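Asker: Listed below are the residues making up each chain.
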Amino acid sequence: MLQTKNKTGLVFFPAFDWAIDPTHPEREERLLYTQDQVLEEGILDIEGIEEFKPELVTVEDVQRIHFCVPDVQSVMTESHFISAGGAKKIGTVVLEKQVDNGFALVRPPGHHAMRVVHGARGFCNVNIEAIMLEYLRATYNIKKVAIVDTDCHHGDGTQDIYWHDPDTLFISMHQDGRTLYPGSGFINELGGPNAVGKTLNIPLPPNTSEEGFLYAIKEIVLPVLDDFKPDLIINSAGQDNHYTDPITNMNFSAQGYAELTSLLKPDIAVLEGGYSIEGALPYVNVGIILAMAGIDYSKVKEPDYDPVKIRQTADVTDCIKQTGEKVLTCWQQRERLKKQTCESNGFEERTRNIYYDTDNISERQAEKIRICAECGGAIRIDSSSDRGYHILAVHIPAHACKACRETGYQWYDEKNKGFDMILLQDRTTDQFHERKP
Amino acid sequence: MIIGLDVGGTHTDVVLLDKKGLVKDVKVPTDPSDLFNTVLTGLEKITEDIHHREITRVVLSTTLTTNAIAQKKMTRVGMIVSGGPGIDPENYRTNGNYYTVSGSIDHRGREIQPVNPVEIQGVVERLMDAGIRHVGVVGKFSTRNPDHETTIGSILEDSFEKIFLGHQVSGNLNFPRRIATTFFKAAAYSAHKAFFESVKKSLDKKGFEIPIYILKADGGTISFEASIDYPGQTILSGPAASVMGATVFAPENEDVVVIDIGGTTTDIAVLINRVPVLEPLGIEISGYKTLIRALKTRSIGLGGDSAVKVNDGKLEIGPERLGPAMAFGGPSPTSTDALSVLGLIQNSDREKAVQGITPIAEAFGESVEKTASMIFDDSCREILNQVQDIVANINSKPVYTVHELMEGYQVKPEKILVLGGPAPYFAKRLDEMSDFRVDVVPAWHVANAIGAALARTTCEVSLFADTGKGLAVSPEEKFSNKVNRNYNKTEAVKDAGDLLNKKALQIGASAEDFEMEVVEHIQFNMVRGFSTTGKNIRVKVQVKPGIIHGYGSISIKQGK
Ligand SMILES: [Zn+2]
Ligand SMILES: [Zn+2]
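In order, the protein sequence lines correspond to chains A and B. In case it helps, our numbering puts the first sequence at residues 1 to 437. In case it helps, our numbering puts the second sequence at residues 1001 to 1560.
Excised from the complex, chain B in its bound form:
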């Protein structure tokens, strides 16, 4: 059996699953100031009558690192950045102890200006004086040639506790994002490590010596042990768990929109044949764009607890949340109160809800019921607008070949899956108001935790070969191989696939869940003068986000 645990803003969902389906689910309140305790309480409750030998894996989806970043509870780190020609890296300053140094590498990975060890030594002294223990080192084009980063890293080695090199955060090109990602990785390292070590320790104490996995922002998982070295990957924002929950129940060979309606926000994502669409490069955290792989989601400030008011004769729903709905003892009217007025929510104090909606109804000179309908419909309309927008956004993603532009896949979803608190009411109304077939995700109240439990381990590998230079490299994987002139795209895909397989197993994937997808493979003849001097090959492969092997039947059991 496996456990999935998803820490939410107000409560934490925990599920226990076997190969046939949901065995048990519990909800515990989230204590944002003590996530450790929240997680442990959740795990204790779900395992109350279960023998620990029966549990084979635990997947945790927490916003620990995200919170640490948002609350600025991060370790102080030093950053050493070398740019060379181009935009001044001073523009990408992440923190106080941020030093730009000389040394540069060009787009083909050739050294233009060497590292100056004396200059680096000077920075070392200043960082040490500042009491810094963790340092990030990032160079432009280090994913093409990591030599400068490793050179600087070896100068730092003896003076600091932990060094984070930019080429190890991602194989993608994007210097500013590499800087931010390396910074977050360095800054989140200690908090992440301490938290999960104590979770592991207390589980061990209780006799649960089971593999712990952590859900990542791309809807995939990573083993706890591997995550120590990839703390950035566990920065979770948005609804990865919920989207993976919907994936479990999504139909094959179809584009599907997933809508997760929460208390303060509604999150929208898109699945293509049960695989979520990812951000092209990565998520944005605290205003910094990163290379942390993530699901493409759209978050709107419109949820069950969104405050409803009249402003300048116009109805306004959200984005702020002033508290729970009046129907549940809150201070001011919310979307949920509208549902309560309409008699859609059992166990709610309808009278209180009516009281809340009444002033709004009076402002419009309408009945309370009609006003409640208006609030509900406005919310649905806004959600549908945003659905249209995210689909258009995915389809307008620029492409760089004639073939892709002419034949590229266009997302055309006809189905929506809804989950989250008020899912059933919204699903019905969204269905009435649109051309979509709208369904509620079975087990919609805990589908997020199910999604976390069943998410497959994912990763990505980029490989870059230049047969003119006789090299195939994947610096992120510490891979550099001599290749001959005949090395080609097919061989490059195979090499990248081998690296991916190795990496996936290393970070916790099981062999049966290794499903590789070639994201990019492109080969250019390099011509100088009138003769071909080599081939320039770029390959990117990934493990497709999806559901672990053996749990497919859950959808049959739970599905309608």
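If we strip away everything but chain A, and leave its shape as in the complex, we get:
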């Protein structure tokens, strides 16, 4: 009889009746063959693996993280409430210690969704990991969290949300942004002034294979995690690094994903991308589940798996080693870098254009943060889109110092014309406010 080493929770929500459009990679069929494989393998019967039904997240859960324009209901469909709710459910059962770890095998995904949401980008509307994590933080006593994003695409949404949070270490490993959407995630993206080094990016060259991914985990990610000592490790478990994925150029495998998972030992894994729905997902997902449960996965292989055929070249290996050295250097220098930025005492500003490729919306954003050595810092975002909305959004982090809290309220209360909405996330009271301009 099979018995797991860890008690593993599973939320499986394939949203068989939801698609972005009928031929979109994010369509009804995406997890169909995964379900077939999971059911046929009898995984849900294994002693120590428990399936949970997703809950729905609430509007308040979403507003902890997002400023949705014009409102939450307009940017989310029912499937997004469920998908985020699936992640929330898994997070809950892990923190309630009903299980040792858990995997939310849900769709639609979320890691390209940023703090301000005017629509969908990279198939994502809301960030399901962030909604889960901030619910968990508001409910349980957890502070330091690491999110390791192993999707093939840079997790730019999650990076944006945690850019200024010194308590959240965000590490993304992905196909080099010069060769793939969303075109970001370079080594020098290290986080905002109050959280320097708490964002780490590991761009990998196209055709990276098992050797490269596992090197990045063992030699870069794990040492950093050892240092950071998070209370919780979350894995954004995208599966589009697979050698058969139609929209990327990597050479990873089911065996590799399973081994990566058993090395990383995430408390919570959340499915992100992965569009090789027949040749990869059924095997990768089974591999990840078995790895989380601590069951032998050595026979979980794609029918056409040939490790020699997908092996990476020496150039790729060298490139990853060099990247690793640079990333580790940044990590080691984070305290010094933070000290430098915090000396400037005042505010830092950045302006960006954000394109929502899925919904074809352009956003113009000016962000201002209070530089603060004591907390994550109050954030002021002035955001407008070509759909005609113009909002002022203020974020006060949960552990905000008095000065940052006051700054946040000043921004919120300022007399301002020209905005359609003025919004405030006061995480110190876990409340969301909105006022008429």
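The hints are simulated quantities; they were obtained by calculation from the structure and are not laboratory data. No false leads were slipped in.
Per the computed footprint, the stretches of chain B lying under chain A, defined by three or more beta-carbons under 8 Å from a beta-carbon of chain A, are: (1) 1095-1108; (2) 1175-1185; (3) 1391-1398; (4) 1401-1407; (5) 1526-1539.
Selected chain B positions facing chain A (Cβ under 10 Å, derived; list incomplete): (6) D1088; (7) N1091; (8) Q1113; (9) F1141.
Derived SDA-like pairs: lysine to any residue, alpha-carbon spacing no greater than 25 Å straight-line: (10) B:K1289 with A:L2; (11) A:K339 with A:D226; (12) B:K1019 with B:R1057; (13) A:K7 with B:P1398; (14) B:K1201 with B:T1056; (15) B:K1206 with B:H1051; (16) B:K1397 with A:D45; (17) B:K1397 with A:L39; (18) B:K1289 with A:Q35.
Note that the coordinates shown come from a computational prediction; the quantities given were computed from them, not determined experimentally. Glycine residues also receive a C-beta, built at the ideal position from the N, C-alpha and C atoms.
Please arrange chain B with the ligands on chain A, whose structure you already have, making use of the hints.
Answerer: Okay, now just chain B with the ligands, sitting in the frame of chain A:
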């Protein structure tokens, strides 16, 4: 008239019914070492003054195959299992002569690795050397494409008496359960066949040439003849007969909890509009999860004969049974003794019961009466907790579409029906202690046998179509049809319905009892690149478990 017979742990209930209601009922003791004799005695007693021409059907509910499995009195069988990529099938070993072989099929039914006939031949020799006569053959995804199982089966054909192929036990996906179910089917085949053939023979001898049906774990029946090929289906565990008995008297358009209070256990089931809730896949037997359709039930170790004791200053009721109640000559105090102390059971030796409860009362420094009340209330409370739990469990069953998650049916029972020995006393107290309306099932003492007698013949059919491959298949039904690109869900449901109808009639249903229910029907566009290459359609239909036509008025006659 029809006969229903339910073999219980201590006694066997037999009823004779006509269209108006219960004509006669008898109880005979169960002899676990000779079930055949028990069944015959029961049938003889019930038919004493009846002319055999008046009997139109007999339904038997026995735990024969279950007992054979539990007592390991099964035929030795060989198992040949091919897995392919995934979890090592060695993990699902059912017995000694279990061989894993090469060959694999993927989730869409495509061959990945062919069967190796030389390897199979090697296994054949070893099984023959071991003296094996019956062999099960199971492949991963054989319900999508049974070719490998049939290929292996044809290699075995000449060397063994009977071959059991995995895709014929169920249309559902679940390789480990398919292995276990095929194994039980192969292992129970001989015992099942021998038993019912001798029952049939002795009935024939007495001139009762009437159709015999067997109750299945899903609360449906199957004809004796058909059951020979589905011995696994007759593996009965839990209270199928009792639940069907309650169904006869259950109200329409309501969710109802059924509680069957027995000697050692209390079993709980749920009805939705007079249809019992089924396990999603099947029952568990001897630690193996199977694909044998079954009612969803919760069994707790708390019955009339549950031993009552004080442990660490705490009252403990069950789960063990040390014998009957002291009030009925047993060795130690039980729940029934508490009822006897409370004056709820006539014809019991109350003095003996008081004697039994006294030490417990002393341990708590309470009166005997108060202690008896406490025991009774604790039992009721535990039952109510479990009722809540099974309802929550049914409602938390995962669903896979947005629609089902948002609009899915939630069970909210407000009524409980109780049957079994102490039913009337429990019903009253459960009613007082909860918000449920609690009633006793009319004829509660033989409702189980009535349930068996009236249960309809049930079955299930799964159909899988892939218009990209141009095929609609239902391997369990030996069905494989070429379909064109326009084949759709509606046509698939119709094809599945035709197969279901054919199957139901074949295994003993009457046409008037054919009530089809679509359990699952889902259709996906298969998109490769940016164009649609076909449709992937999955349909599952079943005959709703329920009561045979023409006997609905029983509930009126017996109901209050
Ligand atoms: Zn991706
Ligand atoms: Zn501050």
